[in-house]
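Student: One-letter residues, chain by chain:
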Amino acid sequence: DTGVSQDPRHKITKRGQNVTFRCDPISEHNRLYWYRQTLGQGPEFLTYFQNEAQLEKSRLLSDRFSAERPKGSFSTLEIQRTEQGDSAMYLCASSPGTGGWETQYFGPGTRLLVL
Amino acid sequence: AQTVTQSQPEMSVQEAETVTLSCTYDTSESDYYLFWYKQPPSRQMILVIRQEAYKQQNATENRFSVNFQKAAKSFSLKISDSQLGDAAMYFCAYRSAISNDMRFGAGTRLTVKP
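Respectively, the protein sequence lines represent chains A and B. Here the first sequence is numbered in our numbering, starting from 1 and rising by one per residue. Here the second sequence is numbered in our numbering, starting from 1 and rising by one per residue.
The reader is advised that the hints may include incorrect statements.
Simulated coverage check for chain A against chain B, where a stretch passes if three residues somewhere in it have a Cβ under 8 Å from a Cβ of chain B [as the list claims (entries may be wrong)]:
1. 38-44
2. 51-63
3. 98-111
Because the hints were derived from the structure by calculation, they are not lab data. Ideal placement from N, C-alpha and C gives every residue a C-beta, glycine not left out.
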């Protein structure tokens with residue numbers, strides 16, 4: 001069990017560029033979540049996958065955001081045409097499918113800065 | 001919608017002393033889960049303790065314990081024998097039994113003085 005990993009850890013981009021982040025959940029966790037955390041605040045839910053199916057999306061997930069989990073393992077979060085307001089920490093979490101499903105384990109996050 | 005409130009933006013405790021962090025939440029549901037997560041500076045969020053709403057007994061994990069008052073919708077965290085390594089942001093979180101998002105409070109920054 002190597003924990004949830006995220007890549008990259010930091011990303012600086014210019015406004016209008018596209019960025020993509022990757023999340024590798026804990027092995028055999030079939031539930032995966034994305035959150036956004038701005039400075040001084042708690043994380044805010046973005047979206048949820050069960051296996052490869054995206055089952056829930058927050059209203060925070062505008063049409064510039066897209067998330068995928070094609071094979072039910074790793075997931076990607078893409079932001080198109082980035083805006084300065086997208087600057088935040090993007091957190092990924094995973095949880096088991098059955099026993100202990102309610103507890104989410106978080107990765108280190110990807111810190112995005114949009115200039 | 002469920003909301004989580006942490007009314008203490010910052011708290012301070014002397015090493016080896018006890019500190020209690022407050023959390024209240026608002027929900028109309030009867031089945032849910034509550035969590036405390038710790039986020040050290042520039043490090044990832046770690047689960048500290050969790051509580052199932054259907055359990056009356058308060059959860060404990062070594063030096064960490066909670067005071068869960070379901071009727072009052074209160075979920076405080078007590079840290080005993082505080083250590084320097086306890087310094088971090090602490091987030092209270094709520095998860096419904098029927099939804100997949102977790103709602104977080106704004107956090108309490110805990111400082112431990114040597």
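Student: Compare the structure with each hint and give your call.
Tutor: Consistency of the hints with the structure:
no., hint, verdict
1, 38-44, "holds (count 5)"
2, 51-63, "holds (count 3)"
3, 98-111, "holds (count 8)"
Checked against the numbered hints listed earlier, the structure breaks none of them; every hint is satisfied.
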